[in-house]
Amino acid sequence: MLHISKRSGLPVWKAWLIRGAAILLALVVCSIVTMIVTKLNPITVFKTMFEGTLGTQRRVWVTVYRLVILLGISLAVTPAFKMRFWNIGAEGQVLIGAFATAICMFYAGKMPFFQNPDIPLSVKNLILIPCMVLASLLAGALWGFLPAFFKSRWNTNETLFTLMMNYVALQLVKFMISYRGFKYIWSPNGTVVGIINSDASLGSYGVGWLPEIGGSRYLLPTAVIGVLTVVLYLYLRYSKHGYEIAVVGESERTASYSGIKVNRVIIRTMVLSGMLCGLVGCLLAGTDRTLTDTLVDGRGYTAVMVSWMSKFNPIGMIFSSFLIVFMQYGAKEVASRPELGLNHSFADILTGIILFFIIGCEFFINYQLQFSRHKKREV
Amino acid sequence: MKKFFAIVLCLLMVAALVACKTTDAEKPAENQEQTQNETKGLDIKVGFICLHDENSTYDLNFINAAKGACATLGITDYIIKTNIPEGQECYETAADMAASGCKIIFADSFGHEDYMIQAAKEFPDVQFCHATGTKAHTENLPNYHNAFAAIYEGRYLAGIAAGMKLQQMLDEGKITKDQLKIGYVGAFTYAEVVSGYTSFFLGVRSIVPEVTMEVTFTGSWYDETAEKEGAMKLINNGCVLISQHADSMGAPSACESMGVPNVSYNGSTVKVGPNTYIVSSRINWEPYYEYAIKAAAAGEAIPADWTGTIETGSVELFELNSAVAADGTQAKIDEAKAAMIAGTLHVFSTDAFTVGGEKLTSYMADVDTDPAYTPDTEVIKDGYFHESEFRSAPYFDLRIDGITLLNESY
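Protein chains in written order, with the working numbering: chain A, 1 to 379; chain B, 1001 to 1410.
These are calculated hints, taken from the structure and not from any lab test.
Remember, predicted model here, so these are calculated numbers, not experimental data.
Any given hint could turn out to be false.
Derived coverage of chain B by chain A (criterion: at least 3 residues anywhere in the stretch with Cβ under 8 Å from a Cβ of chain A; other residues may be distant) [stated by the list, open to error]: (1) 1066-1080; (2) 1083-1092; (3) 1096-1107; (4) 1111-1117.
If you want the footprint, here are the derived chain A segments under chain B, 3+ residues with CB under 8 Å [to be verified]: (5) 55-67; (6) 173-186; (7) 194-205.
Backbone N, C-alpha and C define an ideal beta-carbon position, used for all residues, glycine too.
Could you put together the complete structure from these sequences and hints?
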């Protein structure tokens, strides 16, 4: 019969070998499904995925941008998860950060100072961008603080609380960008948010847009998240805060016995998580120069998976983020080729298969299967 | 340990097997591609961006036109991207299409406009064509264009079919004259929708002068539940015929379940409503797609605004559902159509409607989109409202007498 037992300390290289095998197996299953269901050559499908994400220089940049945004959110949720605080509210925290940023950009664009064409754009942005960052940090912090405060004070369920906060943020943004909300609250004459401050005839053109470095708007977010990755790695690994987080995560009782103020750590860590999410929201709104309800596009939830898959290791997250971005957007490319004749649903099936294997393989890393000998003899 | 490697090796073998098999299968596919290339017509890569997918009548209409135009012109190298929201995704998609060699890119939804303009600024050598947009004639980009069709003419003709049906119901004694109220489910209070329901109403009124109309808005282009509920509300209010300007099957299916005649838009919904569907008007985008693609391939300039008409084949009526439509409807429609082409019938003739009880002699419409939304153009001349002439997208936004708006919140 089948016997499952927990593995004790699998070597790292072996764990990665299992993961690699899982991806390979996933591709095989994808190929078989593709051949059976669509009668298409799976190599063509994978080639299309590759072309869709890394086929041109532009796509490489876009893929990098998507990667760093997903990575950024994953980094942001990690401190909370390491503390065993089930924060699934990244979606809302990022969105509310983006919302705060967009509000700053929009209203600044209406102020006489920012509309004055005689003041150089760099001066305006030097004033506005720090405000945007601050606003997004505060908004994200608030969205992180509330569930943590309620948890520490009344022991509310943080999973439900953070989940609900996502919907609050999402519906708030949905209302604000709807025809009605936009008209009545932001601009009585407007119809859509569109690209903020994009009217070239006004002095406020380009106000609040994050600067393009080296001709690419995606370089700045990449640099910011790059620094963030290193900082967070060091914070979790070597700082006193990081240690406290780990201890609280292992056992709250141990933590309080050893003199750690558990509630303070919980609130502090969630505020940090929220702030980092808010910052990613600021990067999103400032780089895309707009606010929509699809700006975060479920990445707040995907980030939870990335964080877990990488065992809360910021460096590992780079790889898992890349893998997921590659799969998701490659699949979208597959769906858009008329010669393949597939629609979006098929691409989602492929992504589903691949994620199933990637998540499933963690089981084989943590546990081992043993087949008992008696059964074998019978056979 | 041994077992572990055995598993890994097995996996590798399976992968290799699959890979081998497929390389064999790849060859005929390549040949096929080559033969396709040889018979290729116009040598240009085209991109299409759609808000939803084939499940939306609005987008399906675009997708069919895109495929049709490419087939007619012999273009095999084209991309259709569906489910692109009205946000940064549109910019990313358009820019990606441009960077991967598309020479002309079309988008189909109003909210795509800003993002198309952003991409157009970044890729000056690529043509960006946006259906239903309003900013091309003021944005002054040589590679950014708007297009629309004089769909109000099609709506008017569909209105005639609805009017004939009402007349038949009157004659048969199914309804009395004071029950002559029809309903309309709209998405938003945009000029596009206002222009649409007004022209439809005027078409109905040209047959049954006593008719009134109620309009309700859903606040979404595609919300099956809201559209269904909207239609139900109108039916419960006593509306005896429903039409709609929203993209799901919500209103047609509500009409079918209640046995209320329905005039559709963008596509025939006869499958959903075999006993209630009368007719549908639609914009056929194929003429514009063919025109714009040809122009882009030849390096010719595309006008900032292009308005399709009945004559260009851009405004169409689907075949009447003879099971529901009244006798003589086709003749009436043909008559009005001929008069439109001859220029003797104007849908928005100032004799046909009043605003606040008064006949209009002058109206300044907001044709040039500016931050302050100021009315800027005199659109009433020679006794009629000149719709879709100063720019392709509709700007008729008058609230005429006889139509009651139930909610104006969108």
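Here's how the hints hold up against the structure:
With 5 residues bearing a CB less than 8 Å from a CB of chain A, the stretch 1066-1080 of chain B meets the requirement of three and the coverage assertion stands. Counting residues of the stretch 1083-1092 of chain B whose beta carbon lies closer than 8 Å to any beta carbon of chain A gives 8, which meets the minimum of three for the stated coverage. Coverage of the stretch 1096-1107 of chain B by chain A holds in this model, with 3 residues showing a Cβ closer than 8 Å to a Cβ of that chain against a need of three. Look at the stretch 1111-1117 of chain B against chain A: 5 of its residues bring a Cβ nearer than 8 Å to a Cβ of that chain, three or more, so the hint holds.
Beta-carbon proximity to chain B at under 8 Å applies to 6 residues in the stretch 55-67 of chain A; the threshold of 3 is reached and the given coverage holds. Counting residues of the stretch 173-186 of chain A whose beta-carbon sits less than 8 Å from any beta-carbon of chain B gives 3, enough to reach three: the coverage restraint holds. Counting residues of the stretch 194-205 of chain A whose C-beta lies closer than 8 Å to any C-beta of chain B gives 5; at least three are required, and the coverage claim holds.
Checked against the numbered hints given earlier, the structure satisfies every one of them.
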